Amino acid sequence: MELRVNGQTYEVDVEEDMPLLWVLRDELGLTGTKYGCGIAQCGACTVHLDGMAVRSCQTWAADAAGAEITTIEGLGTPEAPHPVQAAWIETQVAQCGYCQPGQIMQAASFLRDVPEPSDQDIDNAMGGNLCRCATYPRLRAAVRMAAARLREG
Amino acid sequence: MASIGKIARRSFLVGTVAVAGGVAFGYWRYRTPYPNPLEPGEGAAVLNPWVVVDSDGVTLITPRADKGQGAVQVQAALLAEELDVDPGEVRTAFGPPAPVYYNSVVASEGMPVAATDDGIIARLMREGVSDAAAKLLGMQVTGGSTTVPDAYEKLRRAGAVARETLKRAAAARTGADVADLRTEAGRVILPDGTALPYADLAAEAAEVEAPDFVALRDPAEWRILGQPVQRLDMAAKCTGTQDFGIDHRQEGLLHATVRTHPGWGDSVTSIDSRAAEGMRGVERVVQITGGVGVIADNTWRAMRAAEAVQIDWGPSPIAESSDAMWEGFAGSFTEDRRDSRFKDEGDVEAALAGAEVMEAEYRVPFLAHAPLEPMNATVQVSGDRVDVWTGTQIPRFLQANVAEVVGVDPEQVHVHNTMIGGSFGHRLEDLHVRQAAEVAMRVPGRPVKMTWSREEDMAHDFPRTMQLARMRGAVRDGRVEAYDLSIAAHSTFASQGPRWGVPAAGPDIAIVAGAWDQPFAIPNYRVTGYRVPGGVPVSSWRSVGASGNGFLHDGFLDELIHAAGADPLEERLRLCWHAPSRRVLEAVGEMCGWDGPRMGEGRGRGVAYCLSFGVPTAEVVEVTATEDGIRIDAVYVAAEVGRVLDPVNVEAQMTGGALFGLGHAMFSELTFAGHQVEQRNYDLYETLRLPQVPKVIEARALETTDEIRGIGEPPVPPAAPALANAIFAATGERLREMPFAKAVRFV
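Top to bottom, those sequences are chains P and A.
Numbering follows UniProt numbering, in which position 111 of the first sequence is assigned residue number 111; successive positions increment by one, without gaps.
Numbering follows UniProt numbering, in which position 589 of the second sequence is assigned residue number 589; successive positions increment by one, without gaps.
Each hint should be verified, as a subset may be incorrect.
[Unchecked claim] Computed from the model, here is a short list of chain A residues facing chain P with C-beta under 10 Å:
1. G70
2. D243
3. I246
4. G281
5. H369
6. F424
7. V648
8. D683
Worth flagging that the hints you see were computed from the coordinates, not collected in a lab.
Please read all numbers here as calculations on a predicted model, not as lab measurements.
From the three backbone atoms N, C-alpha and C, an ideal C-beta is built for every residue, glycine too.
Bound conformation, chain A alone (with noise of 0.2 Å):
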């Protein structure tokens, strides 16, 4: 393809998050091994960073935050895989934050380099500069659905070390020969069919050498992976005995809340905390950044308390409303605001000159995660030493800011992670756990919960940002031929960067992540992304860029398709070069019975597809026109994964993933006024409900390349366009702003 040239080419001017930290510090570093930070107990081996047995049995770290993707049952069960034990019978821990948890795929996200792109430039970008960025800066992150890529070898590794360590030390024990023994269900079997049980053996493996290399085995003989499993944390969340770090107790727990400035400012003109500190069970009402904390004896107390205070906010630094935020926008088309053009590909002013031109403005509004569990933390300030409970995504990051928080050094920060109620991305920040260390230092000794109302955590909720997209096109007998497209948004890099750590150098790939690299063969094809300065703090949401970029690209695309007289599936397909792109297209045609996208009478289907995160995702969306809005029939996604380790949870991730994409697209979205976010709770926040759930929605997850990739996200971005463009099929009403509640109705 001609475009592999010219992005190999571009590959040079990298310029984001991770490989402008990665340079400083030289090659030297990048090869020295991290350190192993589990310090053994009494009888107990650590036989590498993520295998413990003692003489309770074994205990596998998972260091990936689980949010509800299941991270700590795939982690577990590539452990468990090579190490051969049953992951119902271990224990799981998540581990302390240490480098050496580094997720060696997450930068490579940032990266302008197109996942269908297997030039060797973009290989040595992807697996070398990514990992090397990620390894200096010790990213220990879990997101940008890279869990699973990233521990498809590493953790299978770690237990097949771990397999062969406890063999040695059986063989040593015994004097048997190491090639004579093998293992199962969490015990190595001797020649003479003797069983020494794991747990038995782990002073003795203490002590011995673990193995270099262990060859992995053939996933023929998986036990595990690939099969359905029963997730091992099912019965707990369906009997309230699973705890999150909201849930978490100890003894002399005080419970606390915060109200911080509503309008993302810093400061405060006054406050009057006389009435607040009166009330029962109010213990302290103390200032913090931009606002005050309440501790109290019980959390209904802290927040009746926190209502009582009166505050006078200082000014905030965001615009006062949306209607002046969507002029910013409008206003960022400009040279000096141009953040990337890496797509641009024949010559699109010379094609669109002598054609007629169809012009285009989409609006995809700011999001807020709102996951169920409100943000909390549990912080613990006793001298020099400092406790966190809390579920986090960013361990190491976190420590830093709590240390510098409280003033102590990061390695005096104990994170104790914690199972996370829904994040989307929200736990990607850590804005309340520095609130939290802020309350809990003034009772020292005191472990301290914070606990966000829902309103404190919409209104500080890090949205997606907001963008605006102006499109361009033609069509020339039937066929696409030009398509420009222009989008303006916050930079998620710019305004997440820094609250990491992180340097955020060059353009932002998140403006235009989901369209710039797309696999279509149109003949002037551009993509051009703008940078709106300051604004709202943004952050990343479940498929970040792709989130909006999605709708943006496949929804002109659409519309140029329906111009030029074609087929949506087929014109897609004929326009699309990459192969397993061109699969999950023909895989969701078949799933739905494709026939074109008009089904009789107010009745339509729309496809939509996105490339993201690696992952071609194709989504069909049947919808009928009733005279009490617009129904969801059916929705059918098909994506390429490389290999399923946990169908039963590629299935969930899969459905869940588009519905989430398409309940936001139909009536989600965060406005401001007077500088605030203007839906505090559900029921101006509306999401999906279950009466709007479609009673058909098939996944089908392909395994026909060798890459494997995470489903966490990949599903969400075609969902609003293959929504908005069945609509139109049955309409003939074509829908460029989300949410599409604002012109139609649904049931």
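Extracted from the complex, chain P is given alone in its bound form (with noise of 0.2 Å):
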């Protein structure tokens, strides 16, 4: 099947309901998005498709064709970081940076969809994706940060 990746068209010669965590990972060499648990339960595998963050442990690669799909490496890269990466870096929240990729994903599609979050929003909007180091202060901070950023323009 055909899928495209980060602007790419990629043929992937792959079962219809292999993950398409899987997928990007083991076939496509995208290794940015990552495995956690398996069972939607923790959001480090997030992705974009279309736009919407999904958890791609549970999307079917066949369910995933025809959409745009974007990882975090094609959301920005250190050269050329997404505002969203961009106050991650600078509010320095990673610590073992293993749930970072799914947690910038997550927020990128909410702050899209609510561009002037509340406490409670970016709460409730991040809830789902867990960090065990408990990064989750500098989170919160650098949500607000590029929420202000992106309002900006």
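Make one complex out of these two single chains by using the hints.
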């Protein structure tokens, strides 16, 4: 089947029900998207399908075909980070960093839908993304910083 | 203090991990320096085991593992400070397993010497015996919050010696006097202002003799250490470009997973892998110790096939259920299971005999480390060479263990350490690496990346031991008069030591750490450890023994203080004889504006204190009892670290550590049924999520002593008791069992 990932088209030969997570990681070598739980409980595997945050461990490859898939690698780069990534870097959110690609993808999608979030909105939107290092206070600050930056354009 | 004499005498009765191994080797071997394991490439200079310069520039070797605590950053900063390079402009590498990278501080945590004891024998034990034991055992270990204290002088000196060697090379080339040269930003500056990049001097520096001794710079001259800096790995970790072990890629890589005995047994009675072998992408299904490995062309295909293997497990060596385990713990307060009584002051029995005795029983559950990156390792067995790519805190033990599995010498096992996606102690274990080696042996020459499913990971987490504690105490005239604390637990060292190949003899400090060594002058004061034999294999979990003992010790202390009618903060201050500890209590009181535990209707404040890893740490938690449950409003943390090397990271460790402690106290436990862990994923193993994180969390690191300490673990132990004490202040309900969510609801 054909997948559109970060603006590129890939032909992959996988089962329809192979989770998109494992297509990205093991078939395409896009390892920025992380495996944490496999049951949509941790959020480390979050990617965008047509801009919407989804858990790639629960998304069949066949269901992602036809959509514009964006992974953390496609959101921005160290040289040209997305505003959410820039806020994360400036706030120095990451400790081990393993959950952060998923956190950032979740935040980027959420802030597009809710540009002026309340604290409660942030807690609700990010509550499904686990961080075992408990970087939560800086994560909250980074979401607020990113929201402000995105509003300013 | 009365306690010092007793501690000093007991110090001779040493008996944990390190010391037992040290005696056999003798002094001569301790004095012999270990060789430098680094072999220079063409045109490169290995200036010492930590600094390599070649024509491309400088590489700093940072042998301590980085599981998110910022170990690479601080090691690079210590080296760079004296070497005069910008840490952002050089490469770092973890380096190979080698005894020269032994951790001279790590063994001291196993010794029955209180951190507050600065008598000569205590110092000898900590600085001499501990160093000797760790050196003799070649303990290249990351743990015990020791990276900073171990590296503090060692790495600055390595940087300084490398700098002076480069200056000598420049002097030899130019004929200038070394004394007239200076260094700056990776270059030697000649008297006329000409700058010679270190890279250009590499070949000559390799031929120059390094100076024996270089004085270290005064901290007042530091440019990097002590300043807020941008962490080297931050941009990579926020853009998906940081590779962890699980991301290892190489030509011809095969993917694999394993399924092994879920009840810690090592045998199977039958395996039917026919269905799995026919599944798409499956290359091999192989039997390994205690189960099977599946090799495939994709991790998901391997995991799906592993589930399709029909396995009848052999017997489990552990008790059937948590209830049975608690029974075993309850029956362990006996003379023959008594492990230690390092604290025994006054006359507890006499003091209690004539008093109204308060009694309590506290429980602490098994806890999984459950870092977000599941355990994984890539292994390639090619003839007489074995390569291992994995993130590990124990590279030398792992090297020896893999060598044993494969049947080669340790020197033939090449360990390539990687960045780690969280550990909390799990990477002090290497079962997954041994399994990966067993699997990879079946496909010689092919690299195999073995990844545990989350379910496999939770089943084999080597959890933190559960604990059962019994307390008795008495108060008199508004003061705490007697405190008798008995703790039953599995021995972490006895379980973990053999897996490391390290002898574990004598009492296990971990059973009572964070309890026996607290600097309180209670007139009649006793702490006894009881060892519960056998059971679930357990290991070090962030802050190890103190992780539970902080709650046990401070929780009941709070009960006694309440019974005495005293103020929780004032009474702790009155009882505490250790000045740095009093300062952190005072700091946290000031931070929260302490004016007593009650803050109005339905609101309460709890203070707790624990000394662990030499770091006195005090925390205050403020809560509100709302209609929807308990809400944590604010957390304040103060700790004495001697000197802050990286303020941004210290703040992250202090807030993260406190929240880690709170989250587990609120929600987390591992329970057993049918000999197996019941919580096999994050849906059942609940931990802290953003909505429960307080809006206010403040950390203050004090620098009032000359004992430099690590801060990764000490913020964990006081979190649980501070929360329990706050909930008591708000609701009158005393929580004596973790997780607290069993008794109260949280917002």
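Evaluated hints:
Evaluation of the G70 (chain A) hint against chain P yields a held restraint, the C-beta minimum of about 7 Å falling below 10 Å. Because the smallest distance between the Cβ of D243 (chain A) and any Cβ of chain P comes to about 7 Å, under 10 Å, the interface hint for this residue holds. A least Cβ separation of about 7 Å between I246 (chain A) and chain P falls short of the 10 Å threshold, and the interface hint therefore holds. Satisfaction of the interface hint for G281 (chain A) is found here, the shortest Cβ-Cβ separation to chain P being roughly 9 Å, below the 10 Å cut-off.
Nearest Cβ of chain P to the Cβ of H369 (chain A): about 9 Å, under the 10 Å cut. The hint holds. Among the interface hints, the one on F424 (chain A) holds; its C-beta lies about 7 Å from the nearest C-beta in chain P, closer than the 10 Å criterion. About 6 Å separates the beta-carbon of V648 (chain A) from the nearest beta-carbon of chain P, less than 10 Å, and the hint is met. Given the 10 Å rule on beta carbons, the hint for D683 (chain A) holds: about 5 Å separates it from the nearest Cβ of chain P.
Every hint, counting from the list given before, is met by this structure.
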